[in-house]
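The listed protein sequences derive, respectively, from chains A and B.
So our numbering is basically just the index in the first sequence, starting at one, shifted up by 23.
So our numbering is basically just the index in the second sequence, starting at one, shifted up by 23.
It is possible that part of the hints are untrue.
The list makes no distinction among identical chains, and a pair is therefore deemed to hold if it is satisfied within one copy or across any two copies.
As the list claims (entries may be wrong) - Straight-line distance between alpha carbons at most 25 angstroms, and here's what the computed DSS-like set of lysine-lysine pairs gives:
#: 1; residue 1: Lys199; residue 2: Lys211
#: 2; residue 1: Lys199; residue 2: Lys412
#: 3; residue 1: Lys412; residue 2: Lys131
#: 4; residue 1: Lys131; residue 2: Lys398
#: 5; residue 1: Lys374; residue 2: Lys131
#: 6; residue 1: Lys297; residue 2: Lys211
#: 7; residue 1: Lys388; residue 2: Lys94
#: 8; residue 1: Lys374; residue 2: Lys211
#: 9; residue 1: Lys385; residue 2: Lys237
Treat the hints as calculated values from the structure; they're not laboratory data.
Chain by chain, the residues:
Protein chains: 2
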Amino acid sequence: MTDNHLMWENLGMDVKTHDILCEVLPQAFGDVYLTQENRPNGMDYFNMVVGDIHGLRPAELIKLQEEEGKKVVGTFCIHVPDEVVFAAGGIATGLCSGSQFWVPGGEKVLPTATCPLIKASLGAHFDKTCPFFRICDLFVGETTCDGKKKAWEILSEDAEMYIMDIPQMKRPQDFKKWEEEIRNYITKIEEITGNKVTEESLKEAIVISNNKRKALQRLNNFRKLDNIPISGRDVLLIHQIAFYDDPTRFTEMVNKLCDELDKRKEEEVSVFEKGTKRILLTGTPLSIPNWKLHQIIENSGGAVICEEMCTGIRYCEALVDESGENIDEMVENLAERYLGHINCACFTPNKARIDDIIRLAKEYKADGVIDVNLKFCNIYDTEGYFVEKAMAEAGIPCIGIETDYTDEDAEQLKTRIGAFIEMLS
Amino acid sequence: MTDNHLMWENLGMDVKTHDILCEVLPQAFGDVYLTQENRPNGMDYFNMVVGDIHGLRPAELIKLQEEEGKKVVGTFCIHVPDEVVFAAGGIATGLCSGSQFWVPGGEKVLPTATCPLIKASLGAHFDKTCPFFRICDLFVGETTCDGKKKAWEILSEDAEMYIMDIPQMKRPQDFKKWEEEIRNYITKIEEITGNKVTEESLKEAIVISNNKRKALQRLNNFRKLDNIPISGRDVLLIHQIAFYDDPTRFTEMVNKLCDELDKRKEEEVSVFEKGTKRILLTGTPLSIPNWKLHQIIENSGGAVICEEMCTGIRYCEALVDESGENIDEMVENLAERYLGHINCACFTPNKARIDDIIRLAKEYKADGVIDVNLKFCNIYDTEGYFVEKAMAEAGIPCIGIETDYTDEDAEQLKTRIGAFIEMLS
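Excised from the complex, chain A in its bound form:
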């Protein structure tokens, strides 16, 4: 028995079923990632992390739990501030699941007409086939969308959950309300970890998180170049890993990669052929290991140069103001960033997202926009009405794509996306 298998058994996982996933993941990763030419060497770290995704980091988390008494807090949404967990000496890890492998398990308890991300997350939990779900001391849910809001009730039958009620609008009173939610979240995390959140620890956590964002921003900036030194799928992978890796080590590794990309920039190295069309993706998140669209686009004459998504710009672009001097000010700054600067379709109205897409399309010199919707995500699907209208007005070619985690629509997507990219020529 490998060390991983022993760990998974100790975690009470369904090891036999999980083995099926362990068999298919390397093949999928190889197909999407290792077929690429001229990848930066700095990708080695991220290859390693994802290569043993259910081994390396879980083992590390368990060690920190056992040896240092640390608590692991699992989250499902970029509106939930990691800083609070860090400031209380805890570990935050994202739990959104991106594989069809987990979907049937979710469908045992959820309606079929639920988005695959939510179904996969609950499936990963109830089928006991994801170590991260087994390790967490607390799950933190939110009321961002109907599917998640109601799914947490089912998840909470089998795990300790804490729910943050995110305002559905962004009026001045909603910021006050979100501050109150963050304050209550601090109290809950202090309880769970047994540690106080102090001015010092919260300030430090804000800086750590900002540094991670800055590194990701630095990485994204290379995609604005005419000669793009890194593929879209590689950047996506890094964004996905950002959700569960140690933030300080992750930042260091991203910056190391960026040093290498600086050299590529000087040497005008591009991983794409001349004439490759620059595609901006907007819409629902692409959780690990959901690499389907990037693979199709980048195998069809396109380069993904920006993701206006939770697994992309929405996660890293805005910083928390670091000038807060006391807890109240810091909470206010957190609320400002986590409510004000994430333009999720869960808000009404959400015009700022449309402005973001147009701005990003310019900054990243997009030739076209693909509006991606995970099947049954009603909020992004409805907002697509405004995205398509605004793109038409701005003269930016745009198509809407609806997909899920299966491969059933791969051929259809290849045809549609291929035709769209061809049309851009």
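Chain A is already provided as a structure; the job is to place chain B on it using the hints.
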């Protein structure tokens, strides 16, 4: 040209398309309603109101607008307190639409995977085929579910809208927040109507609305009898009319009908044959003219004896505390009733609804429960997990039904519902 046609033209309606609806509605109403035997005479009023649904009340509303300068406020949810509108001398009218006729119009702007109620409402507006949408001076939306929350953004492109942000939870701070929303709503309605909401007018509005609820409650109580003196479909129709009729006249008419039912009670008159199975419906609302399920159930050996729905008990069961002495106390009482005592699946958690269903099943002596879901309503669909579980634990036979506004599934529903009712024997 009839008076109605002249009015519809003046309202800028698409009269030609609307005529198609005018042709099919009487037939549908006749099939469902006029085939019943031994209906109470008190139904005559409601027959008349629905018989000229796009004529009588719209003409009355226009007259009140023109002659008394009254404002008409259209709403889509029972969480929005009518009392505020009444207290400012305005008229409140429900706008939720229940016909497949309007769905294709809604699908022009909304995802197909949106619930038919929302699609029909937007279709009725954009196709200009419902006079109520044309008459309203203001639409009031809310953030109860994803579908509605995002649909209002599209509707607001073509009409003045005001949005109330309903809390997604029911903690003490959420009641405070809902009070604030109600206070802001008062300000908005004062602006629109030009009238102040006073202690006197708000108190009077609370009493008027409570009287309506008491009348409906009195009506529903007859359905607890062994000999049920009125059909489920008739009670449903009355609940549907409650949303748009003049509240004082409506209350009078319901009470008049109840006087007649009192006599039937004494005489032990039942409109159902002995052995008819008593069915409680729970789930999503049945907006006018959605009578499909009641017709199927009551033609298959069942009697609908209670609707744990927005078009049912959720609308009328809880009263607003009338003891408030000033605006603040009255707003607090409104918040308590409109947040605390409506157990919509939009809340998390929503255990109180499960308790309601079990309590109502006992009070109304239900033989079985049908959990009804409008297709693509994720919140009620997900909550169905808890409904079915709780019914199994309580030993109450239960089936889940998913349907929309089309008649395509009528045969399938007849078979399933027929088998369910047979199984209860």
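Ascending list of hint numbers which this structure does not respect: 2, 6 and 7
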